[in-house]
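Colleague: Whole structure, please, built from the sequences with the hints as guidance.
Respectively, the protein sequence lines represent chains P and U. Here the working numbering is used: position 190 in the first sequence is 1106, and no number is missing along the way. Here the working numbering is used: position 180 in the second sequence is 1096, and no number is missing along the way.
Please keep in mind that the hints were generated in silico from the structure rather than gathered at the bench.
To spell it out: a stretch of chain U is covered by chain P in this simulated footprint if at least three of its residues, at any positions, have a beta carbon under 8 Å from a beta carbon of chain P; those stretches are:
| hint | segment |
| --- | --- |
| 1 | 928 to 940 |
| 2 | 1080 to 1090 |
| 3 | 1118 to 1124 |
FRET-style restraints, in silico, Cβ to Cβ:
| hint | chain 1 | residue 1 | chain 2 | residue 2 | range |
| --- | --- | --- | --- | --- | --- |
| 4 | P | Gln973 | U | Lys1107 | 38 to 44 Å |
| 5 | U | Gly967 | P | Gln920 | 22 to 28 Å |
| 6 | P | Asp1015 | U | Gly967 | 23 to 29 Å |
| 7 | P | Glu979 | U | Lys968 | 48 to 54 Å |
| 8 | U | Lys1008 | P | Arg1122 | 20 to 26 Å |
| 9 | U | Glu975 | P | Ser936 | 15 to 21 Å |
| 10 | U | Asp1102 | P | Ser936 | 34 to 40 Å |
| 11 | U | Ile1022 | P | Leu1099 | 55 to 61 Å |
With a Cα cut of at most 25 Å, we get these calculated DMTMM-like pairs of lysine to aspartate or glutamate:
| hint | chain 1 | residue 1 | chain 2 | residue 2 |
| --- | --- | --- | --- | --- |
| 12 | U | Lys1014 | U | Glu1024 |
| 13 | U | Lys1028 | U | Glu1039 |
| 14 | P | Lys991 | U | Asp925 |
| 15 | P | Lys937 | U | Glu1050 |
| 16 | U | Lys937 | P | Glu979 |
| 17 | P | Lys937 | U | Glu987 |
| 18 | P | Lys1107 | P | Asp1032 |
| 19 | U | Lys937 | P | Glu1043 |
| 20 | U | Lys932 | P | Glu929 |
| 21 | P | Lys1086 | U | Asp1113 |
Keep in mind the model is a prediction, meaning the values are calculated, not measured. For every residue, glycine included, the Cβ atom is placed at its ideal position computed from N, Cα and C.
Protein chains: 2
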Amino acid sequence: MSEQTMLNDNLIEFSKALASKAAVPGGGGASSVAGALGAALASMVCNLTIGKKKYAQYEGDLERILARAEELRRKLLNGVDDDARAFEPLSKAYSIPKDDPERDNIMESALKDACDAPIMIMELCCEAIVLHRELAEKGSAIAISDVGVGAILCKAALTGASLNVVINVKSMRDRSYAEGLMLKLDNMLKKYGQMADETYRMVLTRIA
Amino acid sequence: MSEQTMLNDNLIEFSKALASKAAVPGGGGASSVAGALGAALASMVCNLTIGKKKYAQYEGDLERILARAEELRRKLLNGVDDDARAFEPLSKAYSIPKDDPERDNIMESALKDACDAPIMIMELCCEAIVLHRELAEKGSAIAISDVGVGAILCKAALTGASLNVVINVKSMRDRSYAEGLMLKLDNMLKKYGQMADETYRMVLTRIA
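Modeller: In structure tokens form, the structure reads like this:
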């Protein structure tokens, strides 16, 4: 698994693999792709705005946003493979016989590790939302709807990835660790969900 | 353009094309992919539930949902190309000199036509949301988070595609046609947005 990548799949192949009963890709991988497309739209808006006289005052900001959006796009694409790799040990842990004395510890550790990739995906999406929020003011009017789509896709990816954390958190025995994670999640969902909604409303205002 | 397809692009290529300043793919294509991934997750949940004794009572429903979800997945993937094709005449209309007496009529017609693909994408996403709503009750517990991710992605795709309609509607001279379209849009966003939110909440309840 660690040597494989789904990033060479074309759109038809990837969607078919997602539709199948295969363990991966699943909701985590789909969320990561949606986040990557959201970040790509931030890049697109920068590419359509940079060099336009009307937005010359934002040139430096746009170059910075573009560089970061491209990094986020690449990392979110890699998130598809990261999420798949994280699933393997968890899947193995679930297959350990229930009377094996080692099972609980292996499972607990696998559950914690399986949260890493979706949390990383969430953090990258939050960053992409911040970029779209800025683009809602600095992006060219001809691409403003794409800022709205980007923010919406990143919010969906953020929320989708969070479900993959929630489902693992529920099975953890270490409740204090689990509750700390849930608090972190809720804060991210609230703060950046609202920022994405605000971005969408700003876009609607600029279109009107 | 009409002979070309972006569906053979792998995930890296598609996200790069999206990030570029090329006219297509844009927010419409990205929304369509997100919707296709959302529909694919409905298929996946069916594939992971069908044949399980615990859900035998839903077997007929699950087969029906699977068949429809696979159709929606394919149509939403094709939406990427449909959206790109719809953009070409509009792009040509924008390049007609402003003093050309034909410009207004050509533009009006191109604006109306350019709404067809995103409206179709919206309708397909609404249908996919209805499937996820049903799967929130009938899908296997082991795949329940994927129902939530699917509903969220379809709602984002629905909202994203709507922005591509809104931006064209704003430029239409036929205000009665434009307002009729906006009313239709608002109703879809409200009804199916709420259904997606309800699905997400049901998923959280089943996880807890």
